[in-house]
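Visitor: Here is how the chains run, residue by residue.
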Amino acid sequence: MNLSDKVSIPTQVMARTVGDETVILDLASGTYFGLDPVGARIWALMGEGAMLAEICATMLEEYDVQRDQLETDVLRLAEELCAKGLIRL
Amino acid sequence: MTVRYTEQPERPLAPVGEAAFHQWVFPDGTLWTQFFRQGAGYLLRFPELADFEVSADGCTVQGFPAPGVPSPTVEHLYLNQVMPLALSRQGKLVLHGSAVDIGGQGVAFLGESGRGKSTLAASFATEGTRFLTDDGLLLEWVDDRCMILPSHPSIRLWEDSQDALVSERTAMAPAVSFTSKSRFLAGPGIAFCDEARPLRRLFFLGECEVETPAIEPLRPAEALIELVKHSFLLDIEARDMLARHFDDLSRLAALPIYYRLDYPRSYAALPAVREAVIRHVLEQKESIEHELV
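Keeping their order, the protein sequence lines are chains Z and D. Going by my numbering, the letters in the first sequence line up with residues 1 to 89, in that order. Going by my numbering, the letters in the second sequence line up with residues 1001 to 1293, in that order.
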């Protein structure tokens, strides 16, 4: 996976926020994943169909974070969610 | 309960044309339940035991015993497995859990099969703390309060739990043929609460080996994931209903009532478990009520 990829969220995958965490769930398969507020913001941007590089650009505006670190984190999260079937390329 | 149930004459479990859209399989690989679509409704098959036809709206169920399977077995399957699924199709929230009434407060225990939900409920009920359900925990929101509704006034127990908990005088329902669990009717020896109670505490039964009962709070997100794992859902492909179901569970998960309960797996430890639960519920009653207002 790389920063020029766009991902989408399968229709059966849903997210709900409880407390300060977000739970992503594929109710059909029972797969789930918990996100902190920053992860939840990345997830929301993924749902808008942005390229991973665009997601990073938006996050750089919103958060005080180093670009290298952010790109690594976004890619790692995308790969993890993809492996669980919670997003797809 | 708002499911109309009728048992029909027995019939062979004929092959179904389409593949099952969902199934429940025991950890040892044994097929327990197959879910088929039948017109707009559903056919639930318990291999070698019975078929159940459920209407599309979940309001009507017909049971068809397989040849030679006694009626109590089919009724038992209906009460414990099919009715909760039918209620879920009506949009009701049903969880795999038992519940008791401690000082007017509904206290529920959720866990995988075999984790001791029924045994705990029976342990309370035989000591005079009334139980609301031994499985199939039916919840309903009433004026911003989540209520536990009482279910069938009976408890199912494995043989070793029966020996440890139930006196010989307690009335037993007819035996069922697919399990060594027996169903005990509520009565003088097993106290039953037949009125709804507000849900004030929900314990997930943990898997830790501990020497004394231990109670730890759960974060809302952890609670939500556990609630999802422990809920009945008939049609896992109906997206609108899935979304509503997830909304309902998220609303439930936001309540400040979730704990993990670990305790020693021995009957001798049950009095200490009851005491720990009762103390925990009563000690925090005021603070919980304050948060729930």
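Since the hints were derived computationally from the structure, they do not count as laboratory data. This one's a predicted model, so the numbers in the text were calculated from it and none came from an experiment. Think of the CB as a built atom: it goes at the ideal place given N, C-alpha and C, for glycine as much as any other residue. A couple of the hints might just be wrong.
Claimed, not checked - Listed next, with one range per pair, are the computed distances between beta-carbon atoms:
#, chain 1, residue 1, chain 2, residue 2, range
1, Z, Asp20, D, Gly1114, 49 to 57 angstroms
2, D, Gly1091, Z, Glu48, 48 to 56 angstroms
3, Z, Thr17, D, Ala1040, 46 to 54 angstroms
4, D, Ala1040, Z, Gln69, 23 to 31 angstroms
5, Z, Glu62, D, Ala1268, 42 to 50 angstroms
6, Z, Leu60, D, Pro1198, 45 to 53 angstroms
7, D, Cys1059, Z, Glu61, 47 to 55 angstroms
Claimed, not checked - Now the stretches of chain D that chain Z is said to cover, found in silico as 3 or more residues with beta-carbon under 8 angstroms:
#, region
8, 1126-1140
9, 1241-1248
Visitor: All hints are to be evaluated individually against the structure, with a verdict given for each.
Guide: Against the structure, the hints:
Restraint check, Asp20/Z to Gly1114/D: a C-beta distance of roughly 34 angstroms breaks the suggested window 49 to 57 angstroms. Between Gly1091/D and Glu48/Z the beta carbons are some 30 angstroms apart, a value that contradicts the proposed interval 48 to 56 angstroms. A hinted range of 46 to 54 angstroms is violated for the C-beta pair Thr17/Z and Ala1040/D, which are about 34 angstroms apart. The hint said 23 to 31 angstroms for the Cβ distance between Ala1040/D and Gln69/Z, and at roughly 53 angstroms that hint is violated.
A hinted range of 42 to 50 angstroms for the beta carbons of Glu62/Z and Ala1268/D is inconsistent with their spacing of about 57 angstroms. Checked against the hint of 45 to 53 angstroms, the C-beta distance between Leu60/Z and Pro1198/D comes to roughly 47 angstroms, which is consistent with it. Between Cys1059/D and Glu61/Z the beta carbons are some 52 angstroms apart, a value that agrees with the proposed interval 47 to 55 angstroms. Counting residues of the region 1126-1140 of chain D whose beta carbon lies closer than 8 angstroms to any beta carbon of chain Z gives 0, which falls short of the minimum of three for the stated coverage.
Counting residues of the region 1241-1248 of chain D whose CB lies closer than 8 angstroms to any CB of chain Z gives 5, so the stated coverage by that chain holds, three being the minimum.
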